[in-house]
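Build the full structure now, drawing on both the sequences and the hints.
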Amino acid sequence: MKKAVLLCIMFILLFISLFPMLSMFYTSVIPSGTLTKVVKERYINDFETKYASYLKRKVKGDSISLRNESPSSTTSLAVNGRVELLTDKLDVRVAKYIEFWVKGSGSFSAEIIDAFGGKYAENFTAQPEWKKFTIKQNEIKDIDLRYISKLAFDFEGGKEFLLDDVKLVYRFPTLLNYVNVLKEDMFSRYILNSLIVSVIVVVGNLIFSTMVGYAFARRRFWGKKILFSLVLSTMMIPTQVTIIPVFMLMKQFGWIDTYLALTIPMLVTPFNIFLLKQYVEQLPVELEEAAYVDGASTLQIVFKIIFPLSKPSLAVMGINTFISTWNDLFYPLVVTNSREMRTAQVGLAMYQKLNQIDWPRLMAASSIIGLPVIIMFLIFQKQIISGVTKGAVKG
Amino acid sequence: MGKKRKIKYNFETLLLLSPFLIIFLIFGAFPIIFSFFISFTDYSGLSPKFNLVGLTNYIHAFKDSIFLTALKNTFIFVIGTIPFTTVFALLLALIINSRFLPLKDVFKAGFFLPSVISTVVISTMWMYLYSADGFFNKMVELFGSQPLPTSWLAHVKTALLSIMIMDVWAAVGYYTILFLAGLQSIPEELYEAARIDGAGRKALFSKITMPLLKPTLYFVIAINTIRSFQIFSEVFTMTGGGPMNSTQTIVHYLYIVGFRNFEMGYASAIGYILVFIVLIITLIQGRLLRSEVI
Chain Z
607 MKKAVLLCIM FILLFISLFP MLSMFYTSVI PSGTLTKVVK ERYINDFETK YASYLKRKVK
667 GDSISLRNES PSSTTSLAVN GRVELLTDKL DVRVAKYIEF WVKGSGSFSA EIIDAFGGKY
727 AENFTAQPEW KKFTIKQNEI KDIDLRYISK LAFDFEGGKE FLLDDVKLVY RFPTLLNYVN
787 VLKEDMFSRY ILNSLIVSVI VVVGNLIFST MVGYAFARRR FWGKKILFSL VLSTMMIPTQ
847 VTIIPVFMLM KQFGWIDTYL ALTIPMLVTP FNIFLLKQYV EQLPVELEEA AYVDGASTLQ
907 IVFKIIFPLS KPSLAVMGIN TFISTWNDLF YPLVVTNSRE MRTAQVGLAM YQKLNQIDWP
967 RLMAASSIIG LPVIIMFLIF QKQIISGVTK GAVKG
Chain R
60 MGKKRKIKYN FETLLLLSPF LIIFLIFGAF PIIFSFFISF TDYSGLSPKF NLVGLTNYIH
120 AFKDSIFLTA LKNTFIFVIG TIPFTTVFAL LLALIINSRF LPLKDVFKAG FFLPSVISTV
180 VISTMWMYLY SADGFFNKMV ELFGSQPLPT SWLAHVKTAL LSIMIMDVWA AVGYYTILFL
240 AGLQSIPEEL YEAARIDGAG RKALFSKITM PLLKPTLYFV IAINTIRSFQ IFSEVFTMTG
300 GGPMNSTQTI VHYLYIVGFR NFEMGYASAI GYILVFIVLI ITLIQGRLLR SEVI
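Sequence order for the protein chains is Z and R. Residues 607 to 1001 (the working numbering) make up the first sequence, in order. Residues 60 to 353 (the working numbering) make up the second sequence, in order.
I should point out that these hints are in silico values taken from the structure, not numbers from a laboratory. Hints are not guaranteed to be accurate.
Calculated pairs, PhoX-like style, for lysine-lysine (alpha carbon to alpha carbon, straight line, at most 25 Å) [as the list claims (entries may be wrong)]:
| hint | chain 1 | residue 1 | chain 2 | residue 2 |
| --- | --- | --- | --- | --- |
| 1 | Z | 996 | Z | 917 |
| 2 | R | 273 | Z | 996 |
| 3 | Z | 996 | R | 167 |
| 4 | R | 163 | Z | 988 |
From chain Z, some residues computed to sit far from chain R (all C-beta separations above 12 Å) [unchecked claim]:
| hint | residue |
| --- | --- |
| 5 | 669 |
| 6 | 736 |
| 7 | 755 |
| 8 | 884 |
| 9 | 914 |
Yeah, the Cβ is synthetic: ideal placement off N, Cα and C, and Gly gets one too.
As structure tokens, then:
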């Protein structure tokens, strides 16, 4: 009983804790609207207007009039011959199909025309009573789906047809938001930058921290204690204090807006040195001594003996370094200028300042930036959590 | 050891240390000293010329109304979030550590997950929840109150509070894990011995758990204080310091002063004021927590 209540409470708390993330992922796959109001369809025209002038702006045809009957509401459009519905650069990629209702007897064709004059047509046969027709989006060929400027209906001559409820039915769930964000908003570039930077920084830390950690753990040298306490004390100094001279240095070196600026200062960090030193100190010294007697050089000892032995610690370090590099905003924000060199975090922070109305798209963008670390966390939970208890993931 | 071998030995040590020494000297030690120096100049960052201006930047900071607002907001943020984060994290850790709870690993991982996600991503999803047609406004409407006409982040009264609520949510899991590690380091034998002596649950908690958890508690509060004083990404992403500087914080203002207004001398002074404040506060905390006051 007690167990069940406790479990219930914890699941509710867990849900609250994960709710913002779940709502982000959910919103990223809705075609339009928000969490509480998902828009699943969009009317191109339902002809529910009393104003002929309004109709004239949206609908072009030689012989058209409004009629008081409809499959869903009150009025529909009566057409003789051809009618064109202007759609003003409609993006139909997000649509599953285009739907419309027709009443009349005879055949007709529906045409989809893009802004560049491309045309796709399909033939239908209408019935004397109202019937729903659809054009599937994935069957539409040879036109630019992003910019549809009009829909045209060519009805068999001499007869009157009724047309109503022309609408787009959206695909739900859709991955289009992700496609848009990656293709049109340079997010693939931001992610590539972040990947390059994070991988270089991780590799640098793996190699250099082993070297330096080993030196601090095993070698005797002058000023070792002072140097090590200096290392520890710089851990306490926040980036914000050093950022201005670092920025000036980068400017002097001409490294602003390059991978050099984004990686070099991060290649070996005090915290990782500390981690490796602690680990190497508790390794048995006999193996090194044996290797030394066999004539191995210092570098061989470091990379052939210490490095493999430190694997558990290096794994924790590598994963946590990757995550903190991937997640960093302040430093890359300062040392990059151009869009091309932005990292994922900088890209997202800048992007959301411009795109606060299109929530599904913005949520797709933030999902893409969040997913790599979420996936890493799901795989490497143990290492990440043990890294936390040894120090800190977030700076 | 022969002289030659000694030279070789020292040379190799230097070789091992060199990547660190070079990076540390150039990007670690030098900037710390140099930024202290330029905090006494009117260096702009645009032209290489500068004049020594003494303490002007430091004096200016305490006359600058935006800096004072930033200072006030940062203190409100720190004082308003840390107690909640600490208490929630401690409670969660105690529940997860309890013998009655199954699926411990699931909860551990689930609550920790928000801590690995970047602040920018977290801020973006919370901006969505806080927006005019977002989740929080819908909840307010559901309970019969008048929702805010715009985003919660666009109001002087609610903006900072909104960021604080988000921060508590985002930080709790991380400190839960730290508390859990602290709890698990308390030897089980202590509890057993106390139980044999007839100690009740309350006594176990106040006489064993709390005293032995004190170092963890101190560590949690100290790193949370240091981290909270440096709040930047949330503000940069969500509000840019607005509306009307109601969410301006020290580090965000440092960024604006240094990289938007190009007053790098002044920005460096702000950086050192921050270090000084954090140093003093962590020292006071250390004293308080080590004494028997709490």
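Each hint tested on the structure:
Our distance criterion of 25 Å between C-alpha atoms is met by residue 996 of chain Z and residue 917 of chain Z, whose separation comes to about 16 Å. Using a Cα cut-off of 25 Å, the hinted pair residue 273 of chain R and residue 996 of chain Z holds, with the two alpha carbons roughly 17 Å apart. Pair hint residue 996 of chain Z plus residue 167 of chain R holds up; C-alpha atoms about 16 Å apart against a cutoff of 25 Å. Of the pairs offered as hints, the one joining residue 163 of chain R and residue 988 of chain Z holds, with about 13 Å between alpha carbons and a cut-off of 25 Å not exceeded.
Against the 12 Å criterion, residue 669 of chain Z stays outside the reach of chain R, whose nearest CB is about 42 Å from its own CB. Its beta-carbon lying about 35 Å from the closest one in chain R, residue 736 of chain Z satisfies the requirement of being farther than 12 Å from that chain. The non-interface label for residue 755 of chain Z is consistent with chain R: the shortest C-beta to C-beta separation is roughly 30 Å, beyond 12 Å. Annotated as non-interface, residue 884 of chain Z keeps its C-beta farther than 12 Å from every C-beta of chain R; the closest such distance is 16 Å.
No beta-carbon of chain R is positioned within 12 Å of the beta-carbon of residue 914 of chain Z; the least distance is around 17 Å.
Violated hints for the displayed structure: none, as all numbered hints are satisfied.
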